[in-house]
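Engineer: For the sequence shown, the working numbering gives the first residue as 577, with consecutive numbering after it.
Simulated from the structure, these hints should not be mistaken for laboratory data. Glycine residues also receive a C-beta, built at the ideal position from the N, C-alpha and C atoms. Heads up, some of the hints might be wrong.
Stated by the list, open to error - Here are the computed distance ranges between Cβ atoms for each label pair:
hint, residue 1, residue 2, range
1, His726, Ala789, 54 to 62 angstroms
2, Asn610, His726, 22 to 30 angstroms
3, Phe798, His826, 50 to 58 angstroms
4, Asp597, Arg799, 55 to 63 angstroms
5, Phe663, Gly604, 51 to 59 angstroms
6, Phe685, Asp661, 39 to 47 angstroms
7, Thr762, Leu676, 52 to 60 angstroms
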Amino acid sequence: VHVLGDVGMGLWSLEFQRADDPSIEPGGFALAENISPPVWSPSLFLGWDFGLDWFQATIGFYGPYAGDLGFDSTGPQRYSLIYIDMFQAVYQAAVAFRPLRWLAIGAAFQIMDLRLTQSVKLSGYTGFEPLGPPESPTHDIRVEVDVANHFNPSGFFGIWAAPADWVDLGVSVQLPVETEANGTVTATLPSDNALLRYAWVDGQDVTVRLALATVLRAGAAFRLPHRFELEVNVWAEFWEPHETIMTEVHD
577 VHVLGDVGMG
587 LWSLEFQRAD
597 DPSIEPGGFA
607 LAENISPPVW
617 SPSLFLGWDF
627 GLDWFQATIG
637 FYGPYAGDLG
647 FDSTGPQRYS
657 LIYIDMFQAV
667 YQAAVAFRPL
677 RWLAIGAAFQ
687 IMDLRLTQSV
697 KLSGYTGFEP
707 LGPPESPTHD
717 IRVEVDVANH
727 FNPSGFFGIW
737 AAPADWVDLG
747 VSVQLPVETE
757 ANGTVTATLP
767 SDNALLRYAW
777 VDGQDVTVRL
787 ALATVLRAGA
797 AFRLPHRFEL
807 EVNVWAEFWE
817 PHETIMTEVH
827 D
C-alpha cells in the first residue's frame, strides 16, 4: 500500500500600472497590487500493487499550484478586472504496468471539477458631463459571473525509465479540456446615477465556454547512492490566445 499526501501554497505577487491619461487622472494612476490571500492546493493518493511486482493502481485527487487575482474595486484597473477566482480539482484513477525492471507505463482517467468566478466594472457614462466625469464611481456597474461544470473528463499518460542505476527519466502528457460552464451573471447598478436610478436587470442565466491546454512534461533524476540526488524538469503548456471567451446570456 502506498500513500502520498501533499499541500502547496500559491501566492501571486502581481502589480498593474495603468498607462497615463491626463484627461482622466492628471497626476497619473495609482499602482494596483494583488490583494488576494494565499491559496492552498492539497493532494492525496492511495495506491495498491495487489502483491504484484509489475502492476500498480491508484485513486486520488489534487489541485493545481496557483493563486488568485484580486484588486481594489475602486482602483484604476477596475474596468479590466476586480478579481478572478478559478477553482480546479482533479479526481483521478490510474494504473501503471512495469513490463521490464527498468521501464513502466501508466495512464489515468480524470474528472476535472471547474468553477470560475470573475468580477469587473463596466462604465455607464453617456457623455452627459453634469452627471459626472467619465470615470466617476456614479457610472460604475459592477458585473459578476459565477459558472461551474463539475464533470469534465480528461486523461493523462506517462512513461518512466531507469536505463542505469544512477538515472531516472520520465515523460508525461496531460490531455486538454474543453468545458461549457453554466451559471449566473449579476449586475449591480449605481444608486446615485439619475439615468440608472430606475433601471433594472431581468434574467441571470449565462454559459461560458473555455479551454485548458495540453501539457507536456519531462524530467530526469541523477544520483550518487546514499549521498546526493539532483532532479531537473521542463514542461510546455500549449495555450492558444484567448481571442474570445464565449459568453452566452440566456433570456
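Engineer: Next step is simple, just say for each hint if it's right about the structure.
Structural biologist: Hints, verified against the model:
no.: 1; hint: His726 / Ala789: 54 to 62 angstroms; result: violated (20 angstroms)
no.: 2; hint: Asn610 / His726: 22 to 30 angstroms; result: holds (28 angstroms)
no.: 3; hint: Phe798 / His826: 50 to 58 angstroms; result: holds (56 angstroms)
no.: 4; hint: Asp597 / Arg799: 55 to 63 angstroms; result: holds (57 angstroms)
no.: 5; hint: Phe663 / Gly604: 51 to 59 angstroms; result: violated (36 angstroms)
no.: 6; hint: Phe685 / Asp661: 39 to 47 angstroms; result: violated (27 angstroms)
no.: 7; hint: Thr762 / Leu676: 52 to 60 angstroms; result: holds (58 angstroms)
This entry does not satisfy hints 1, 5 and 6, going by the numbered hints stated previously.
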